[in-house]
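Q: So the protein lines, in turn, are chains A and B.
0 is the number of the first residue of the first sequence in numbering that gives the first Met the number 0; add one for each residue after it.
0 is the number of the first residue of the second sequence in numbering that gives the first Met the number 0; add one for each residue after it.
Derived by calculation from the structure, the hints in this document are not laboratory data.
Some hints could be false.
Unchecked claim - In silico DSSO-like cross-links for lysine-lysine, where the CA-CA straight-line distance does not exceed 27 Å:
1. B:198 / A:90
2. B:198 / B:235
3. A:61 / B:160
4. B:160 / B:64
5. A:61 / A:90
6. B:184 / B:235
7. B:184 / B:160
8. A:90 / A:4
9. B:64 / A:4
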Amino acid sequence: MDYSKFDDVALIRQIALARPEALSELYDRYSRLTFSLALHIVGEAEIAEEVTQDVFFRIWEKAETYQADQARVSTWLTSITRNRSIDLLRKRKVRPEGYSLGWEDLQPGWEPVSKGRDPEDLTVQAMQTQHVRAAVARLPAEQQRVLAMAFFEGYSHSEIAERLGEPLGTVKTRIRIGMQKLRSLLQEEQIHP
Amino acid sequence: MANELHVLDLIPAYALDCLDGEESQVVVAHLTSCIECQGALLSYQEVIGQMAYAVPQVDPPASVKAALMAQIQADRQASPAALPRKPWWEMLWDFIPRQTPAWAVASLALIGFLVISNLFLWNQVRDLRLRQDESMVVVALNGTEMTPQSSGSIVISRDGKYGTLVVDQLPVLDESQQYQLWLIKDGQRTSGGAFSVNKHGYGSMEIWSRQPLGSYGSFGITIEPFGGSPGPTGDKVLGGDL
């Protein structure tokens with residue numbers, strides 16, 4: 000069976016029927032996104048590899064629990080990846096020396112070329128990346144900062160307030176307004192990979 | 000629901016998983032019954048899903064996929080449940096060997112029909128048993144050496160709150176005496192009421208009890224002074240266990 004013709008949801012249904020080839024196809028589509036996010040959060044390639052393998056194995060085990068009306072497959076995957084990466088980060092209690100997790104590192108620049116991937120997929124993903132980065136760049140710096148701390152490092156409102164030395168209410172407002180604005184900006188021009 | 004009762008202001012942070020405990024609980028409780036806030040949550044979860052694309056995109060080494068597929072292979076071998084999970088109709092189809100004669104297919108269909116029929120009948124029997132279990136309880140009372148011909152029954156309601164005593168062929172007592180019902184639990188006897196019988200030895204009585212009748216293990220009837228006694232004093236004429 001040619002699983003490359005299946006859409007994401009159909010692939011998940013096939014994975015729920017224990018078809019390894021379907022998982023292989025899903026991996027080809029999203030391992031780059033998963034690994035990249037994990038690598039950015041944990042800061043070490045070896046651990047990011049471990050997270051990536053773990054995320055897809057969880058998909059293998061839990062595919063039947065996926066609800067298509069609740070989230071796109073890519074959203075589900077990134078959610079699992081982020082949670083798993085932040086869990087590891089918390090368990091280790093230390094981050095790689097000199098490692099920062101801000102948006103400022105994410106401006107357009109050199110990206111490694113991916114080998115063996117569908118050029119069309121790569122183009123759409125690249126557009127998506129630029130689209131999100133452009134939206135984030137339009138947020139005020141203080142909103143970018145609190146969103147990065149919450150998204151990449153998994154800090155709560157109160158933890159962010161403590162680390163920044165800002166009032167809790169200020170942090171809450173920045174996160175709320177930042178997210179509202181980001182949603183609005185991303186909805187202006189939807190690009191779905 | 001008025002907008003101020005929603006938790007829309009908390010949804011962005013909830014989606015980011017950065018709410019502190021108490022606020023998070025408020026959102027969780029509200030989301031169970033608010034379609035509007037559920038919709039808002041989905042839209043912010045999509046935003047968070049897209050935020051992942053902002054990070055530099057790097058391919059994992061090929062060894063990760065190899066390790067993953069090996070892990071899945073090992074999982075499938077370790078657990079039969081992880082073997083391909085086909086829909087039941089596919090499994091049934093696979094069960095029928097190719098080139099199978101028509102009579103074999105018909106036999107298989109007949110077996111399937113019989114299995115389904117048996118399941119249906121089994122369910123009916125089970126339902127009847129359940130209904131029987133849920134119906135009123137009847138306790139049979141038997142005569143003693145003194146009254147071998149006598150008999151009686153106590154019918155207890157489903158919830159155990161109400162009961163009716165019916166007795167037959169008990170000796171007719173003189174006017175100074177009555178029969179008294181005893182409700183027995185852990186050796187303690189509680190009066191269930193005193194009653195008389197007609198000239199045929201037939202009598203009935205609604206039983207009064209502070210505790211559910213179903214909580215008593217045994218029942219007995221003795222001959223007592225008219226109006227009853229605080230405890231059994233006379234001969235036992237009927238008895239039975241729940």
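Q: Name the hints, by number, that the structure is in violation of.
A: Hints 1, 3, 4, 8 contradicted; others consistent.
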